[in-house]
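Number of protein chains: 2
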Amino acid sequence: MNVEFVGRVGHDGAVSTTDNPETTARRRGRRPAGQDTRTALIEAARAVFAENGYDGATVRAIATRAGVDAAMVNHWFGSKEGLFAQAVLELPFDPMELQKALRDGPGDELGERIVRTFITRWDSAGGGQFVALIRSITGHEQAGHVLRDFFQRFFSGLISSIGSDRIPLRMNLCATQMVGLGMVRYVAKFEPLATEEVEVLVRAIAPNLQRYLTGEIG
Amino acid sequence: MNVEFVGRVGHDGAVSTTDNPETTARRRGRRPAGQDTRTALIEAARAVFAENGYDGATVRAIATRAGVDAAMVNHWFGSKEGLFAQAVLELPFDPMELQKALRDGPGDELGERIVRTFITRWDSAGGGQFVALIRSITGHEQAGHVLRDFFQRFFSGLISSIGSDRIPLRMNLCATQMVGLGMVRYVAKFEPLATEEVEVLVRAIAPNLQRYLTGEIG
DNA sequence: GTCTATACAACGATAGAC
DNA sequence: GTCTATCGTTGTATAGAC
Chain G
1 MNVEFVGRVG HDGAVSTTDN PETTARRRGR RPAGQDTRTA LIEAARAVFA ENGYDGATVR
61 AIATRAGVDA AMVNHWFGSK EGLFAQAVLE LPFDPMELQK ALRDGPGDEL GERIVRTFIT
121 RWDSAGGGQF VALIRSITGH EQAGHVLRDF FQRFFSGLIS SIGSDRIPLR MNLCATQMVG
181 LGMVRYVAKF EPLATEEVEV LVRAIAPNLQ RYLTGEIG
Chain R
1 MNVEFVGRVG HDGAVSTTDN PETTARRRGR RPAGQDTRTA LIEAARAVFA ENGYDGATVR
61 AIATRAGVDA AMVNHWFGSK EGLFAQAVLE LPFDPMELQK ALRDGPGDEL GERIVRTFIT
121 RWDSAGGGQF VALIRSITGH EQAGHVLRDF FQRFFSGLIS SIGSDRIPLR MNLCATQMVG
181 LGMVRYVAKF EPLATEEVEV LVRAIAPNLQ RYLTGEIG
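Going down the list, the sequences are from chains G and R.
For the first sequence, position 177 matches number 177 in the numbering used here, and the numbering has no gaps at all.
For the second sequence, position 72 matches number 72 in the numbering used here, and the numbering has no gaps at all.
Calculated directly from the structure, the hints in this document are not laboratory data.
Any given hint could turn out to be false.
If several chains are the same, the list does not tell them apart, and a pair holds so long as it fits within one copy or across any two.
With a Cα cut of at most 20 Å, we get these calculated SDA-like pairs of lysine to any residue [unchecked claim]: (1) K189 / E51; (2) K80 / D149; (3) K189 / V131; (4) K189 / F154; (5) K189 / A132; (6) K189 / R135; (7) K189 / G53; (8) K100 / A61; (9) K100 / S79; (10) K189 / S136; (11) K189 / I167; (12) K189 / W122; (13) K80 / R116.
Throw the hints in and build the complete structure from the sequences for me.
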């Protein structure tokens, strides 16, 4: 799928000046200013993704619950994945665009690119968003399922492009390293890692990630 | 809380009493049934650890808040670290005993022992305890500080025994791998890793942890 | 009477003030 | 360097539950 990332990233703009979000009557044409379709979609998406996982959740179901047309998903978030990123994971980047960028370059340096990009993006977004992500995962029972689907899609696409065996396990192992990195740097804030230079961490962690991607894992 | 009679017994057997209810002196000997010193210590420890971190919290301060003697910490929990494990981290094992066990064996197999023990212990405890641990870290602001102190003490003791440089960073890197492993196996429950055989994971992960412990990290 | 939870004193280690 | 305060821990006598 070719995805153009339209949705805003991270910040909550001054969009929501809604006075009554519980209106059930639907009109055709452009709705009055201040009716925050985008927020309604995010809330509906949180519920539907949590209930059914990524693959099980349909754009139509989300739009119906939000009380808007399904086309609004593409208008506000570019794609189903863009909505997913904004609503559930609150990622500070677009997964597809990132995956595409990571594929550019030699396969034996993929781990390096992943670690560098991961730290750079989350750093610039501020650690608070990662904390919110983890909290949503530990809080809701189904949120782990959502993250699992996402990781599977994201990492398995990367790994398959360099042709390793035991893709599912390798994807899981990569997840342990990257999630743990986020936990230590942004949630628990261990020193010196939390304030360490990016390239130092890349040199330290990338070889381990690369082993999970293409190395011998027993 | 549990002081209804305030008195002090001198060496000569004379009993001097006071009617001041705020006197800190307490009777010796076994207290009336139903006065749960152990629970009082855990509750006090939660508060003091959360306020001051591991090193900042003193056994005496905890005992004072619980209204008992500091020696009760050793009597009921073996040590300050045992109390910490029970009260804040709710670990399914005793950190000191575990650290001692991990030191037995060749240094180049330390990573293997850590991974195997980590998975075995948490598996037998059920993943729910790990979820609770993570939730307490993400929830309370100070809990990350507590975990940080604990990890530092636990891992730095292990690493220093095998003599590597850059101990603090290596400890942090080990934390990324182990915390991430716990997140993926017990919280997010990625498959196949969540139900994978222990020894398969040991072969996959131990070399990476060993590199953080004694290898070249850039 | 027996057992044990308890308080108190004291020890070695350690960190900071002077 | 010396002194002091405080830390975690240990030993021990004992009060009170059983």
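Status of the hints after comparison with the structure:
1. K189 / E51: between (32 Å within a copy, 16 Å between copies)
2. K80 / D149: Answer is within; shortest intra-copy Cα gap is 13 Å, inter-copy 42 Å.
3. K189 / V131: Answer is both: 11 Å inside a copy and 19 Å across each meet the 20 Å cutoff.
4. K189 / F154: Cα proximity of K189 and F154: across copies only (17 Å, versus 26 Å in one copy).
5. K189 / A132: both (15 Å within a copy, 19 Å between copies)
6. K189 / R135: both (15 Å within a copy, 15 Å between copies)
7. K189 / G53: Intra 30 Å, inter 14 Å, cutoff 20 Å: inter-copy only.
8. K100 / A61: neither (27 Å within a copy, 55 Å between copies)
9. K100 / S79: For K100 and S79, the Cα distance is within 20 Å only inside one copy (14 Å; across copies 53 Å).
10. K189 / S136: both (19 Å within a copy, 15 Å between copies)
11. K189 / I167: between (31 Å within a copy, 17 Å between copies)
12. K189 / W122: within (13 Å within a copy, 23 Å between copies)
13. K80 / R116: neither (26 Å within a copy, 39 Å between copies)
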